[in-house]
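K.L.:
Please model the complete structure; the sequences and the hints are all you need to start from.
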Amino acid sequence: MTRRPLIAVPARFSASAAALRYAAEVNARALIEAVYRAGGEPFTMHPHAPGGHANPDEIARRLERCDGLLLPGGGDLAPRRYGVAEAHASVYDVDDEQDAFDLALARHALDTELPVLAICRGLQVVNTALGGTLRQTMGGPDTDHRPRMHPITIEAGSLLSGVLGVEKAPISCYHHQCLDRVGAGLSVVATADDGTVEAVERPNAAGWFLGVQWHPEDTASHDAAQQELFAALIAAACRPAGQFARR
106 MTRRPLIAVP ARFSASAAAL RYAAEVNARA LIEAVYRAGG EPFTMHPHAP
156 GGHANPDEIA RRLERCDGLL LPGGGDLAPR RYGVAEAHAS VYDVDDEQDA
206 FDLALARHAL DTELPVLAIC RGLQVVNTAL GGTLRQTMGG PDTDHRPRMH
256 PITIEAGSLL SGVLGVEKAP ISCYHHQCLD RVGAGLSVVA TADDGTVEAV
306 ERPNAAGWFL GVQWHPEDTA SHDAAQQELF AALIAAACRP AGQFARR
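Sequential numbering from 106 applies to the sequence shown in the numbering used here.
Quick caveat, the hints were computed from the structure, so don't treat them as lab data. Any given hint could turn out to be false.
Stated by the list, open to error - Within a straight-line C-alpha distance of at most 20 Å, the following computed SDA-like cross-link-like pairs (lysine to any residue) qualify:
1. K273 with Q332
2. K273 with D323
3. K273 with A289
4. K273 with T324
5. K273 with R253
6. K273 with L208
Unchecked claim - The following label-pair restraints were derived from C-beta to C-beta distances:
7. Y197 with A122: 14 to 24 Å
8. V199 with L125: 41 to 51 Å
9. D198 with T107: 33 to 43 Å
10. Y197 with D285: 34 to 44 Å
11. G262 with S119: 38 to 48 Å
12. G300 with S195: 12 to 22 Å
Here a beta-carbon is modelled for each residue, glycine too, at the ideal position from N, C-alpha and C.
P.N.:
This is the structure:
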């Protein structure tokens, strides 16, 4: 039987979980199921970065066994992580250890060409890791994308258009922040009608990477195009390093 590629998915801290009676570390079931449907073995990673500082050697050892990385959604990054001293009142669920761990995972995975799919907060983590910034608020109920279904326009010839097989797609969003300054080496390949960056790639870098601002797991169980994002990650995780098609 062919081994399922191991896909690291950092857990999210949860203040309470009634069935467990304690604070918990969780991942969305829909996300885990999408990875498993695609042929991957989801591997939930405990976020460990005491005092808000991750050990790069430890991160390298822990990711060594993995074939790919999925950076999921979650709460907001601390604005200081992208060079802003003051947090907007709408910033929520900031956890210093989570931030440090996710940023360290992103940096190591990109540096070592580990295939990466970054979703919502995950995209913002990668953008921050590469020197980009975020808009702390998109303006409230009339202008943010929380929760919302809306169309996106995808750049022809991009990796994303090849994965989804379309240049227009309806997507499911839940975010009140978005990319502002795009990080080094990232290229915008999808936008919403209001101009919000919805997807980025690294066209001139080795390895496989896609970052999307929406939540493909919301609809992947019945939308084949959204499930293809997870299938593409698994396919990349099965290929030897250095064998990624570039556009």
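K.L.:
Each hint: holds or not?
P.N.:
So, going through the hints one by one against the coordinates:
no. : hint                       : verdict
1   : K273 with Q332             : holds, 16 Å
2   : K273 with D323             : holds, 18 Å
3   : K273 with A289             : violated, 26 Å
4   : K273 with T324             : holds, 16 Å
5   : K273 with R253             : holds, 16 Å
6   : K273 with L208             : violated, 31 Å
7   : Y197 with A122: 14 to 24 Å : holds, 19 Å
8   : V199 with L125: 41 to 51 Å : violated, 23 Å
9   : D198 with T107: 33 to 43 Å : holds, 38 Å
10  : Y197 with D285: 34 to 44 Å : violated, 18 Å
11  : G262 with S119: 38 to 48 Å : holds, 40 Å
12  : G300 with S195: 12 to 22 Å : holds, 20 Å
Checked against the numbered hints above, the structure violates hints 3, 6, 8, 10; every other hint is satisfied.
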